[in-house]
Structures are given as structure tokens and as C-alpha cells.
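Undergrad: Protein sequence lines, in the order shown, are assigned to chains A and B. With our numbering as the guide, the letters of the first sequence map in order to residues 1 to 392. With our numbering as the guide, the letters of the second sequence map in order to residues 1 to 330.
Source of the hints: derived by calculation from the structure; they are not laboratory data. Among the hints, a few may not be true.
Chain A is faced by these chain B residues, among others (derived, beta-carbon under 10 Å) [claimed, not checked]: (1) Phe80; (2) Gly89; (3) His128; (4) His171; (5) Leu172.
Idealized CB from N, CA, C, for every residue including glycine.
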Amino acid sequence: MRAAFEGSQAIARAVVRCRPQVVAAYPITPQTHIVEGIAKLVADGEADCEVVSVESEFAAASVVLGAAAAGSRAYTATASQGVLLMAEVLYNIAGMRVPLVLTCANRAVSAPINIWNDHQDAMAVRDAGWIQLFCTDNQDAIDTTIQAFRITQDTELPVMVCVDGFILTHLFEPVDLPSQEQIDMFLPPYRFSRTLDPRRPLTLGTLVGPEHYTEVRAQLHGDLEASITEILKADADWADLVGRRAGGLIKLDGPHRAKIGILTLGSVYGTLQEAARELLPGTPLRLMALRCFRPFPAEALRRAVEGLADLIVLERAIGPGAGGILATEVRAALAGLRDAPRVHGAVAGLGGRDIPLGILSRLLRLAEAAEPVRCTVIDLRSAPPARPGGAK
Amino acid sequence: MSTSPETIDLRALRRRQPRFSGMDPGHRACQGCGQSLAAHIVTEAAGPDVIVANATGCLEVFSTPWPQTAWRIPWIHSLFENTAALAAGIETALKQQGRPTKVLAFAGDGGTFDIGFQTLSGMIERGHNVLYVCFDNEAYMNTGVQRSSSTPHAAATTTSPAGRVRPGKRHLKKDLLAIIAAHHLPYAATATVAYPGDIKAKVRRAMAIEGPSFLMIHAPCPLGWMHGPELTIKVARAGVETGLTPIIELERGEVVSVLPIREKKPVTEYLRLQGRFRHLLGDDPVAVEERTHLQALADHNIETYGLLAREGDLRDSLSAALVRRGGAIR
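Here chain A stands alone, though its shape is the one from the complex (with noise of 0.2 Å):
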């Protein structure tokens, strides 16, 4: 059914069909008005579910963790500081392999203290373990969601769904809501290989000496990798189910022969796709969304830049006095190449500052550069303060 629905109310909505069992949250700006809808849907008694309203985003990672262990589908939200708040949890849910499914809904981290859109929430969680997919538009949002669903079940990984704050959680606009019986096709009940029971009393979590930790974390990082196959079978399946896909691990658009590429992450693709359209009719150019952030699709990416003399990465994170961190990674798995593009960073919407459509011609100058730009904040509207942050 397409219909008109906040970003936030259509993730709800989506989740809601999911039919999780447990729900844990705690209020942070942007993600407040997903949660709320769930709870709303559950009051309204359209889904059997526990809506625990807990004391921090720390408790909330907990309690859903609990819940998974314990043999319900478990689901949160938050962004930011509640990121960071929960970090140590996420890595622990990740190094216990509990199915759970997060929605990020991409802030910025104080401080200064901001409450508007950028990725340095997920980006500083990226090595938790946990598979993290970023969404282009809200369709792409309800569809990964869903499809998280299944992914962290068939894998036992936590899959964190990054939506860009306020662009897309509050951004209203038509989507396809899946109905009931589309997702019980697509999505089996919830099954845990180690549920909590004591008919079969199990030990969780144990302590693990130097003579087991090394296969234990090098099993997380190779089942993270291998992962990659259900993340693409997820969408497959359910391409053939809705006829549309949220776009596999990169999302392309443009001709083959073009020969400059802009990889980004989350809804600046759509931002791109119109300054291409709109304002170089013609130009070949190749634009790139990176939806599979973790796993990093290193070998997905080489067949992406094929043909490429250039390829500009534009992020909305920055890691401070080393540069960018999608650059890094992409120009990481880039190396050894044959015919590798020149990479350029750049760095553009922190905090939540507009990147307008003009922002194409700005980066496709980088591609004029003698060298490879390494990293370059592009939006810069001034020379930053001499002393950042501090009163005069």
C-alpha cells in the first residue's frame, strides 16, 4: 500500500509487522518519534509486544539483549549520545552473537552539543561487530529494516539500520508499507540457536583465557565477513517478493564509461542523483551509495570503480587528525588495485549543515587536482576559530 508517512511512522510501522516481542528504548532527538509510534501501534493492540521504557540507552541495549537470549524478537532505537551510551553493550551483544536489530537514526556527537544529522554516531561504533547498513530514502529504510530481521536471525550478528536523522526520520513522503502477509513470507518466526531455558540449561557469556579469545574474535570477524551473502540473498528474496531491492551492498547509478565516481553513505545519494540531473545534464558521472558499511564490501567496491580515473568520497564524519574514515577504508581497499581510481576525501554535513546541490560542482573539482586530495571539509563556511568551542 503507498502511502504518505513520516520517515519515523513508516520505520514503526514496519518494525510493528515484524512482529518483534520486546521493545527497549529511551528518548533521544532523532529517534524519539519511532519509538513513540511503536508504542502507540502497541497500545492500539495491533502487536502482541513489551514496550519497556527504560532508564538509559545503556539499559535499553541491555534489556534487548536480555529479551534475544531469552527467545524474543527484540528491537531499539536511538542515535548519538545514546550510541556511545550504549557502545559497550553493542559490543558485547555482537561478541555474544544475539540477534538484534537497532535502528540509528545518524546524529551528530557532542560536542559542541548538536542534535542534527551527520554519521559519526555509527562510525564510532563501527568496529563493534555489528553488521551496519545505511539507507537512502525511506523506502530503503522500511525494506532494510525488515530485511534486518531476518539477516541477524539466520546470521546470530546485531545489525544496526542507519537512517539519516531528521532527513529521512522526519521527512514525509510516499512509500510502499509491506502489508502483514508480504512480511510473515518473508520473515519466520523468531528462533535463537542458545535460548535461555531450563530444560536445557546453557552457560552465556563465560569467561574466555588467552588460549580461546583469539578463534572466538577471529570467528566474529570471518562470520562478519561471510555475512555478505545473506545481507545480498535478504534482498534477492525480497526483490521477488516486492518486486524492488534496497540495494544489495552499493547502490549505482550512471554510465559505465563515465570516468569520475562519488561514493557516499545515506540520503546525500538522492541530494547527488538531482545535482547530476538537474544541474549536468549529460556528464557522464558515476554516483555510488555504500549501503553495506559493515560488513565492508572490499571486493563489491573494486567491481564499483572499474573504469574510474576518480573517485570522490564524500562523508558526513570525520575521524579528527586522521580524516576521513569511509576515505580511509575505501582508499584501504582500493590499495594493490590494478588501475585503481585516485581517491579523494571529502569531508561535508556535520552537524547537520544543508549540503545543497551545488555541493556536485565543488567536488567534482577535486578531481582536478594534481594529487589525490586526502581530506578536505568542503562546506567550510569560515576559518575555524582560533580556539574551537572556547569563550573569548
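Based on these hints, arrange chain B on the given structure of chain A.
TA: Chain B in isolation, oriented as in the chain A frame:
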């Protein structure tokens, strides 16, 4: 059919014994460990239809060195400070699924008084049907005897050492039970390994309650308290008999029963057994002053909770059980 003594298989006999134990022996706890004793008693009283959420700490470490486990009941450890929230999540899942299994949360004093305090308060406030057991050995023993907010005033730990200027911990032991009681939860109690029957009775009462309950068990740590492993019970009992360890029961925040003291002992009877108080036993003015402080604290407990045995208290600190003076929960 008769069985000659030669053919009796002791192991088979032991397996047929009806008494349930949630925790197997052979784990790696120290000799005389009060916590392992308390955990054993709690799981025995709680029975097999439970799920345990266990905080990081000695109990977790000595019972589950991969690939071994001492647990015969479903058991999960996640982190240090999230045990109450973890238990709340398990309980919520069981409730949604319609499973009647009781959830227990196990943590030490560090995980309860300090780092896990917030999740505990949240769990109780939301009314989760969980029995939270705090094994109180009054310091961070797992990391090597650092002070916690449960460490008694003037006790020496590695981070509150007794020196020429400072006589051990400067601050008072946090009155956690009063804070727990302020949540007006259905049931809260203290207990001690010196009285195992009392622990079992309290666990059984808590198991029968639909809602949050809290049990704090005083559990000596021979390593951290610096006493011989054979003295664990004696030390724990001296804590009760001096008034330093009040053993009480609360329903909805109100005291409904206490373990009465028949023969009140001076606090030095408790202090002299333990190396962590050794610096308080001399005649120097600081030692005398701190002993006076501790005696005042014990006297305050005795007065506040009415701990002295009354005429007609048939069971007390010598006969080792609880005298109930009211309350509704049996």
C-alpha cells in the same frame, strides 16, 4: 532386594538425592569464599526453574572459565553494570511468551552499590519480576580488594590503605537498603552466610512474590578481609552479634522482621578477627576514635531496627533463625 555395602555406587546415590543444587562444586573460588557459599545456598533454595543473570565479578570468573561451567541452571553474563537491565529484559521476554520461570540477578557490592546502581533502580521502579541478589563482600575483590561504597568506615583496602595519616576508608558504608526501601518494592531483606536457613527462607519468600525483590547477603572474603578461610562463618556471625550487620526484612519499605541479638558483643569482637581492621586495635588516639565511631554505628543499627532480643524471642542470633514480628509475606 537388599544391597550389600560393597555394591553401593556412591556417585549414583548422590545423583538420586532429591536436593537440587544449581551450582556444582569444583569451581575456582578461594577457600572459605563467602560468595560461593551464598550463591550455592540461593540456587539450592530457588530450585531448577530459574534463569540467572550474573554481573562481572568473582562469581562469574570462578564459575565459568571456558570451556567449563559450574552452573546447572541457565545462566548468562553480559557486563559489570547492566545485570539488572539484562534480568529485566529476560523477565520481559518470559512474560511476553507466557513462561513462568523466575529470573534471578546476581551481583557483588561493586556491581550493586556503585556501577550497576542505576540499572537496579530502574529495574525495581518498573516492577520487573526479578529477585536481585547482592553478594556483599564490601570491596572490589575480583580486581584485588579496592574500596567500594559498601566498604565499612575505617576498613583498609588497597585504595583506602591504613597509613600514618589516614586510618583506612574515610567514608561511611552506603545505606543501600534504605535507598532500595525507598522504591517501596514488595520485598527486600538482608541475610548472611552465618545463617543459611535464614537465606533459604528469604529466597523462598522472594521467589513467591510477583514483582521485584532484593536480597543482600553479607559474604566474608578471607582474602580481602584478611582472615583465615576457616573463620568465614565466625566473622559473619560476629557481624550480626555486634550489630554491624543488621539482618532484617522489609515489605513495601517497612521493617517486618529482624534477627534478634541475644548477647550483644562489642565491635572489637568483629574487628579483631580481620586484618582489614588491624590498625584500629591499638591504643593510639586515632584507633580509639575510629573504634568509637564503629561502635556508635553498631549501636545506631541496634536502636534503629530494634535488634536486641526481647523476652520470649525463641529464636535469635544464637539459635540461628528469624523471628517474625509482622508482615504479610510467608
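Undergrad: For every hint, state whether the structure bears it out.
TA: Structure-based check of each hint:
Satisfaction of the interface hint for phenylalanine 80 of chain B is found here, the shortest Cβ-Cβ separation to chain A being roughly 9 Å, below the 10 Å cut-off. A cut of 10 Å between beta carbons decides the hint on glycine 89 of chain B: the least distance to chain A is about 3 Å, and the hint holds. Interface hint status for histidine 128 of chain B: upheld, as the beta-carbon distance to the closest one in chain A is roughly 9 Å, under 10 Å. With a cut of 10 Å, the hint placing histidine 171 of chain B at the interface with chain A is violated, because the nearest CB-to-CB distance is about 25 Å.
The interface hint given for leucine 172 of chain B is violated, since its Cβ lies 26 Å from the closest Cβ of chain A, which is over the 10 Å cut-off.
Going down the numbered hints, you'll see the structure goes against 4, 5, while the others check out.
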